[in-house]
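K.L.:
Sequence:
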Amino acid sequence: TEADYPLTTLPLPERSVLALYTDGLVETPGTDLTDSIAALAHLLTKNGNRPLDDLCDSLLRHAGLHHARTDDIALLLLRSR
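Using this note's numbering, the first residue of the sequence shown is number 70, and each one after it goes up by one.
By construction, these hints were calculated from the structure, which means they are not laboratory data.
Below, in silico cross-link-like pairs of lysine to any residue (SDA-like), each with a Cα-Cα straight-line distance of 20 Å or less: (1) Lys115 with Cys125; (2) Lys115 with Val86; (3) Lys115 with Asp126; (4) Lys115 with Gly133; (5) Lys115 with Leu147; (6) Lys115 with Leu128; (7) Lys115 with Ser85; (8) Lys115 with Val95.
Simulated restraints on C-beta separations: (9) His111 with Thr70: 39 to 47 Å; (10) Asp104 with Asp126: 18 to 26 Å; (11) Glu71 with Cys125: 28 to 36 Å; (12) Leu145 with Thr78: 16 to 24 Å; (13) Arg130 with Asp73: 36 to 44 Å; (14) Ala143 with Asp73: 20 to 28 Å; (15) Asp141 with Leu112: 15 to 23 Å; (16) Ile106 with Leu147: 12 to 20 Å; (17) Leu147 with Leu76: 15 to 23 Å; (18) Thr139 with Thr70: 31 to 39 Å; (19) Thr77 with His111: 19 to 27 Å.
Every residue gets a Cβ at the ideal spot worked out from N, C-alpha and C, and that includes glycine.
My request is simple: use the sequences and hints to build the entire structure.
P.N.:
As structure tokens, then:
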């Protein structure tokens with residue numbers, strides 16, 4: 070059987086950035102998840118006007134990819150027109 074999922078439509082102002090990511094981007098042992106999400110939101114707000122490939126690289130660097138990670142990361146950035 071098919072499942073029904075709620076549908077929500079939200080307007081995105083022109084040049085807005087939508088970030089879809091898995092928990093591996095924000096979960097770090099010993100760090101509060103709320104703080105990690107707030108830090109990600111701050112980085113997106115501060116750097117949202119940069120080209121998306123640069124922004125993606127910056128977010129991944131901030132996630133600390135140079136440290137041993139136990140979870141994978143998926144990140145998709147979209148900019149509205």
